[in-house]
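**Q** Sequence:
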Amino acid sequence: MKVTAIIPAGGYGKRMNAGIHKQLIEIEGKPILIHTLEKFQNCDCIDAIIIATAPEIFIEVENLVKKFGITKVVEVTVGGNERQDSVYNALQMMVYHHTEIVVVHDAVRPFITCDKICEVISACKETGAAILAVRPKETVKLDAGNGFVEKTLDRNSLWLVQTPQAFYYTVLQQAYKKAYTDSFYGTDDASLVERLGVKVKIVEGLYENIKITTPEDIEFAKMILRENKF
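In the working numbering, the protein residues as written are 1266 to 1495.
One should not assume that every hint holds.
Claimed, not checked - Computed cross-link-like contacts, DSS-like style, restricted to lysine-lysine with a CA-CA straight-line distance of at most 25 Å: (1) Lys1442 x Lys1390; (2) Lys1267 x Lys1295; (3) Lys1381 x Lys1442; (4) Lys1476 x Lys1466; (5) Lys1390 x Lys1337; (6) Lys1442 x Lys1267; (7) Lys1390 x Lys1331; (8) Lys1466 x Lys1442; (9) Lys1295 x Lys1331; (10) Lys1267 x Lys1331; (11) Lys1390 x Lys1267.
As the list claims (entries may be wrong) - Derived Cβ-Cβ restraints for the label pairs, each shown as a range: (12) Thr1417 x Glu1365: 38 to 44 Å; (13) Glu1403 x Lys1487: 35 to 41 Å; (14) Glu1492 x Pro1401: 22 to 28 Å; (15) Gln1357 x Gly1462: 22 to 28 Å; (16) Met1488 x Asp1419: 31 to 37 Å.
Source of the hints: derived by calculation from the structure; they are not laboratory data. Just so we're clear, the structure is a prediction, and the values are computed from it rather than from any experiment. Each residue gets a CB set at the ideal place from its N, CA and C atoms; glycine is no exception.
Turn these sequences into a full structure, and let the hints steer you where they fit.
**A** Okay, structure coming up:
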């Protein structure tokens, strides 16, 4: 089965307050985006990569792909207003590349491993849809809506969702069409697939697989790289 990764890389990252798109911030001499792309470039489970990025950094992203030798990139396309729009734009490129499985991964999660990428893909092949997730370490409370606790949730039934998320191309395409027909925007790709009634398999992820969103995340990322864990 041909497997293509979609990397939505269009977000600006207002919480970062860096003055540039957060995926272009350098850590240890490389933009975060390149750290992420290299994981997929060097993973045998991935055949091709499509990047959806903001129009104002389109040329810069293309140049970075060439500079760092990310040869699996077959398309760089323009993203949309929201992450969901960017993934959808990239999904439309699949018609030219005959993909059977789509893996969607955040551009600013550079500490994913090839093992976990392959695990999610393997689970998808068996079930049609799979996500990476970790158990919450802390107690989770449900807000009653007025600033007071309604109840304590059972951590054993909760998961904190990460990427990559993998789906059969036909399933994800159908999920996106339904979402736009219904004017529905989800917080991840799996939420769209769930609306089709498709069961999504959970694969245990990595706590180090952080999404770099704030300046504090940058410092944590530098520490991970200094320890040569990834």
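**Q** Look at each hint and say if it fits the structure.
**A** Here is how each hint holds up against the structure:
no.: 1; hint: Lys1442 x Lys1390; verdict: holds, 22 Å
no.: 2; hint: Lys1267 x Lys1295; verdict: violated, 29 Å
no.: 3; hint: Lys1381 x Lys1442; verdict: violated, 28 Å
no.: 4; hint: Lys1476 x Lys1466; verdict: holds, 21 Å
no.: 5; hint: Lys1390 x Lys1337; verdict: holds, 21 Å
no.: 6; hint: Lys1442 x Lys1267; verdict: holds, 22 Å
no.: 7; hint: Lys1390 x Lys1331; verdict: violated, 31 Å
no.: 8; hint: Lys1466 x Lys1442; verdict: holds, 22 Å
no.: 9; hint: Lys1295 x Lys1331; verdict: holds, 13 Å
no.: 10; hint: Lys1267 x Lys1331; verdict: holds, 23 Å
no.: 11; hint: Lys1390 x Lys1267; verdict: holds, 11 Å
no.: 12; hint: Thr1417 x Glu1365: 38 to 44 Å; verdict: holds, 43 Å
no.: 13; hint: Glu1403 x Lys1487: 35 to 41 Å; verdict: violated, 24 Å
no.: 14; hint: Glu1492 x Pro1401: 22 to 28 Å; verdict: holds, 24 Å
no.: 15; hint: Gln1357 x Gly1462: 22 to 28 Å; verdict: holds, 24 Å
no.: 16; hint: Met1488 x Asp1419: 31 to 37 Å; verdict: holds, 32 Å
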